[in-house]
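Asks: Take a look at the letters that make up each chain.
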Amino acid sequence: MKYSYYPGCTLKSKATALDKYARASAAALGIELEEIDEWQCCGGVYPLGSDEIATKLASVRNLAAARDRGQELVTLCSACHHVLKRVNDDMRNVDDIRTRANNYMQLETPYAGETKVLHFLEVLRDVIGFDELKKKVVNPLTGKRIGAYYGCLLLRPGKLMAFDDPENPTIMEDFIRAIGAEPVVYPYRNECCGGYISLKEKERSKYLCLDITGSAKGWGAQMLITACPLCLYNINKAAGDVLPVYYFTELLAEALGVKEAADNE
Amino acid sequence: MQRIGVFVCHCGSNIAATVDVKKVTETALMEPGVVHAEDYQYMCSEAGQAKIAAAIAEKNLTGIVVCSCSPRMHETTFRTCAERAGINPYMVEIANIREHCSWIHKDVEEATKKAVILMRAAVAKVNLNTPLKPGESRVTKRALVIGGGIAGIQTALDIADAGYEVDIVEKTPSIGGRMSQLDKTFPTLDCSACILTPKMVEAAAHDKINIYTYSEVEQVSGFVGDFTVDIRKKARSVDMNKCTGCGLCQEKCPSKKTPSEFNRGLNTRTAIYTPFAQAIPNVPVIDREACIKFKTGKCGLCSKVCAAGAIDYEQKDEIITRKYGAIVVATGFDVIKLDKYDEYAYSQSRDVITSLELERIMNAAGPTKGHLQRLSDGREPKNIVFVQCVGSRCADERGKSYCSKICCMYTAKHAMLIRDKYPDVNVTVFYIDVRTPGKNFDEFYRRAVEEYGVNYIKGQVGKVCPEPDGSLTVYASDLLDNKQLRMSADMVVLAAAIEPSASVRQIATMLTASIDTNNFLTEAHPKLRPVESPTAGVFLSGVCQGPKDIPETVAQAGAAAVKAIGLLAKDKLMTNPCTAKADELMCNGCSQCANVCPYGAISYETRLVMGPGVRENRRVAVVNNALCQGCGACTVTCPSGAMDLQGFSNRQIIAEVDAICR
Numbered sequence: 021m022k023y024s025y026y027p028g029c030t031l032k033s034k035a036t037a038l039d040k041y042a043r044a045s046a047a048a049l050g051i052e053l054e055e056i057d058e059w060q061c062c063g064g065v066y067p068l069g070s071d072e073i074a075t076k077l078a079s080v081r082n083l084a085a086a087r088d089r090g091q092e093l094v095t096l097c098s099a100c101h102h103v104l105k106r107v108n109d110d111m112r113n114v115d116d117i118r119t120r121a122n123n124y125m126q127l128e129t130p131y132a133g134e135t136k137v138l139h140f141l142e143v144l145r146d147v148i149g150f151d152e153l154k155k156k157v158v159n160p161l162t163g164k165r166i167g168a169y170y171g172c173l174l175l176r177p178g179k180l181m182a183f184d185d186p187e188n189p190t191i192m193e194d195f196i197r198a199i200g201a202e203p204v205v206y207p208y209r210n211e212c213c214g215g216y217i218s219l220k221e222k223e224r225s226k227y228l229c230l231d232i233t234g235s236a237k238g239w240g241a242q243m244l245i246t247a248c249p250l251c252l253y254n255i256n257k258a259a260g261d262v263l264p265v266y267y268f269t270e271l272l273a274e275a276l277g278v279k280e281a282a283d284n285e
Numbered sequence: 077m078q079r080i081g082v083f084v085c086h087c088g089s090n091i092a093a094t095v096d097v098k099k100v101t102e103t104a105l106m107e108p109g110v111v112h113a114e115d116y117q118y119m120c121s122e123a124g125q126a127k128i129a130a131a132i133a134e135k136n137l138t139g140i141v142v143c144s145c146s147p148r149m150h151e152t153t154f155r156t157c158a159e160r161a162g163i164n165p166y167m168v169e170i171a172n173i174r175e176h177c178s179w180i181h182k183d184v185e186e187a188t189k190k191a192v193i194l195m196r197a198a199v200a201k202v203n204l205n206t207p208l209k210p211g212e213s214r215v216t217k218r219a220l221v222i223g224g225g226i227a228g229i230q231t232a233l234d235i236a237d238a239g240y241e242v243d244i245v246e247k248t249p250s251i252g253g254r255m256s257q258l259d260k261t262f263p264t265l266d267c268s269a270c271i272l273t274p275k276m277v278e279a280a281a282h283d284k285i286n287i288y289t290y291s292e293v294e295q296v297s298g299f300v301g302d303f304t305v306d307i308r309k310k311a312r313s314v315d316m317n318k319c320t321g322c323g324l325c326q327e328k329c330p331s332k333k334t335p336s337e338f339n340r341g342l343n344t345r346t347a348i349y350t351p352f353a354q355a356i357p358n359v360p361v362i363d364r365e366a367c368i369k370f371k372t373g374k375c376g377l378c379s380k381v382c383a384a385g386a387i388d389y390e391q392k393d394e395i396i397t398r399k400y401g402a403i404v405v406a407t408g409f410d411v412i413k414l415d416k417y418d419e420y421a422y423s424q425s426r427d428v429i430t431s432l433e434l435e436r437i438m439n440a441a442g443p444t445k446g447h448l449q450r451l452s453d454g455r456e457p458k459n460i461v462f463v464q465c466v467g468s469r470c471a472d473e474r475g476k477s478y479c480s481k482i483c484c485m486y487t488a489k490h491a492m493l494i495r496d497k498y499p500d501v502n503v504t505v506f507y508i509d510v511r512t513p514g515k516n517f518d519e520f521y522r523r524a525v526e527e528y529g530v531n532y533i534k535g536q537v538g539k540v541c542p543e544p545d546g547s548l549t550v551y552a553s554d555l556l557d558n559k560q561l562r563m564s565a566d567m568v569v570l571a572a573a574i575e576p577s578a579s580v581r582q583i584a585t586m587l588t589a590s591i592d593t594n595n596f597l598t599e600a601h602p603k604l605r606p607v608e609s610p611t612a613g614v615f616l617s618g619v620c621q622g623p624k625d626i627p628e629t630v631a632q633a634g635a636a637a638v639k640a641i642g643l644l645a646k647d648k649l650m651t652n653p654c655t656a657k658a659d660e661l662m663c664n665g666c667s668q669c670a671n672v673c674p675y676g677a678i679s680y681e682t683r684l685v686m687g688p689g690v691r692e693n694r695r696v697a698v699v700n701n702a703l704c705q706g707c708g709a710c711t712v713t714c715p716s717g718a719m720d721l722q723g724f725s726n727r728q729i730i731a732e733v734d735a736i737c738r
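Which chain is which? The protein sequence lines are A and B, in order.
The number in the working numbering is simply the position in the first sequence, starting from 1, with 20 added.
The number in the working numbering is simply the position in the second sequence, starting from 1, with 76 added.
With the rest of the complex left out, here is chain A (with noise of 0.2 Å):
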């Protein structure tokens, strides 16, 4: 099984273990991860403006890069996902945005959406599947409590995102079933770390984040497992003493045993 990958900036800095961990697993469940040449940041935000359409644009090059190599994309930032996968939307669905955004780029096919975007725990469940992962895990979590964080980027809106449930996921704790631990479900799973606010407003997204682990630690997890780079930092930065927060990857390659060998390359 052959995808194009998307990155994103951040995991080529901060969240190199993001990255890192997951091309090792999916290695290791014969996935193959092809990199996209030359992507571009995807703005990192997606821009609500609909009257302005060069804040889409890189994301659309990085959607028609896939649809030129006839593969579907596979990311693993949450935020990235999320504005891949709603450009790519507006693309399809908005005539206005797919028009201009065209007539300017003058790419030899235009793009209209025709790029799946998928993440990579979508990956997982949708054409692995978790039954198929678990029967690969070598080194199963077991023991381990864990509460999935999935923040707000990878399930809403959720009829766009469609991801899962936008009120009662289970995609995570699925997962962190077949890695052999046992997850916890708390109420603030799905609540916001207060993302960006983070940067001018220290203390409401401490108060944010302070909510999320305490709940999370209240209900007998032992660390929280995210996709977000931005949930990540967050997190660690206002309430890491209270519980530790980890990359999903990280977890996935431990169980699957290539996490040493992704250390030492």
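What the hints contain is simulated information worked out from the structure, not anything from laboratory work.
Among the hints, erroneous ones may be present.
[Said to hold, decoys possible] If we take Cβ atoms under 7 Å as the criterion, some of the chain B residues that face chain A in the derived model are:
1. D418
2. E419
3. P542
4. P544
5. C707
[What the hints assert, rightly or not] Partial list, computed: chain B residues near chain A (C-beta under 10 Å):
6. Q424
7. K539
8. C541
We treat Cβ as the ideally placed atom computed from N, Cα and C, and that holds for glycine.
Given chain A, put chain B in place with the hints provided.
Replies: Showing chain B alone in chain A's frame:
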């Protein structure tokens, strides 16, 4: 050649604002056969009908076309008018230029063009119309009521009191319905059981009422005045005639783990059970899915302890076939599933409950004997939050677009009852709007606020978080104060939307009664015929037609009964003369028409057929006009074109199509 009059209605501005009615009138005069055309503001009014009658007399008309609203609205009106003026009612055709034209178009020129075309088609048809005479059919003097809740019980009592036989079919083991689950009723706070159970007893004791519980309608055929219905009496596994209702079997039954439907799963019941103590009939049923005897073959304890020898494991479902003149649907409602509303943590915490579950908790006969307590730990709550409109007035497909109508009032009732009995409990209600139209309803709500100190906050709850210490954190907005709230509660009560019972779809299909997008049964006219289904002989009672409270339900139940009585009081009904007819000269008796007839209206006989160059004994199709419903299935099946539908003959329909395509 016909002498046709065309009458174009303005319908105030309903038609005239979009269709150039003068132009339609002028164009009509150029159509073949048309000798008179005029327009008028309200053709259905007395003055309008007088114009039609005058034109029929003066111009010696033989047929008329009325360009107006849907024939479902006023075809009968104009047919009656024509008949009074001396022409056969089936010489009247309606061109629907309102619903099919003016209401759905904006452009006057285009709409006028379409109205002219519709008028032409109707004129072309009238040119070929022939006078038809309706036959008669008998009326079976017995009514069927589907559903044994308060709506069905009231309808049955009213019909029976008028002297007609009524059967109630109820799918659960007892009549009583939702009302039997309630504790107190607004706005008077009288106990639900105290006003319902006497009615249940009255229905059971009435010599004109026959109740089939644990039974379902399986098949319906026939038509108004003469329905034939198959009722499946599910195997109760208990002999109704022998059982004394002593209850010993239920005490001894070792299978005790089935969630009680009556108590909304808050506690469990045995495999052999009556849903509640006041059940009617007071005869238990065996739930064969839960019964150890049925699952493993061993046990049989209930049979051993039954002194009356009423337990019958061999009992089978029984099909009862009965004829009815009228059918009343009273299938009631259920509470929506809350799986799409997990922000309220209904699936995560036992202390988040629905209002119907609270009814059971508050009920002295309920699982907590009426003591207000948390289901998780049995503690008395100190802070209760009510959330209104959970799934009602919902903008997306998660919930229902409509207002469930009863929630504002029952929430005020719950809040008041709790504050009355437990004055130290804080009660907060989050609402979008408080809707209390109804006699003494707003006064009731004001009492909750002013006398009982219930804290009403305008705003919706965004999230309920179960905390490890057992409390619930409620996040909400206070729209009047423009504040975000975070409060701690011990119990959260959700006013979940109501929806028609799931079985209504199947029943509507069997009755060919129409339902809307929310599965509520459609009335024949939303304002003028609110308790009748568009299907003749089918009437609507209670929430199956739309959300309503108990007083409204009882009122509608009475209205449905009156309509049913009006039908049953007739000895004969006029039948539709638009039935199929076989041309014996063309029919070769191939039997294909009988094969497709859903009403069994076609038979064959051998008779002497005489025509130009023909004189022979031949097998030909014969249509029974009393059974034929004019569906037309035979006419399109007939390979030789011998079968035709009177009033909708192939020639007439082709003439209409030709006129449209001209």
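Asks: Each of the hints needs a verdict: does it hold here or not?
Replies: Against the structure, the hints:
1. D418: Holds: closest Cβ of chain A sits about 4 Å from D418 (chain B), inside 7 Å.
2. E419: 5 Å, holds
3. P542: With a minimum Cβ separation of about 6 Å from chain A (threshold 7 Å), the hint on P542 (chain B) holds.
4. P544: 3 Å, holds
5. C707: This hint is violated: C707 (chain B) lies away from chain A, its Cβ roughly 42 Å from the closest one there, beyond 7 Å.
6. Q424: With a minimum Cβ separation of about 7 Å from chain A (threshold 10 Å), the hint on Q424 (chain B) holds.
7. K539: Status holds, d = 7 Å.
8. C541: 4 Å, holds
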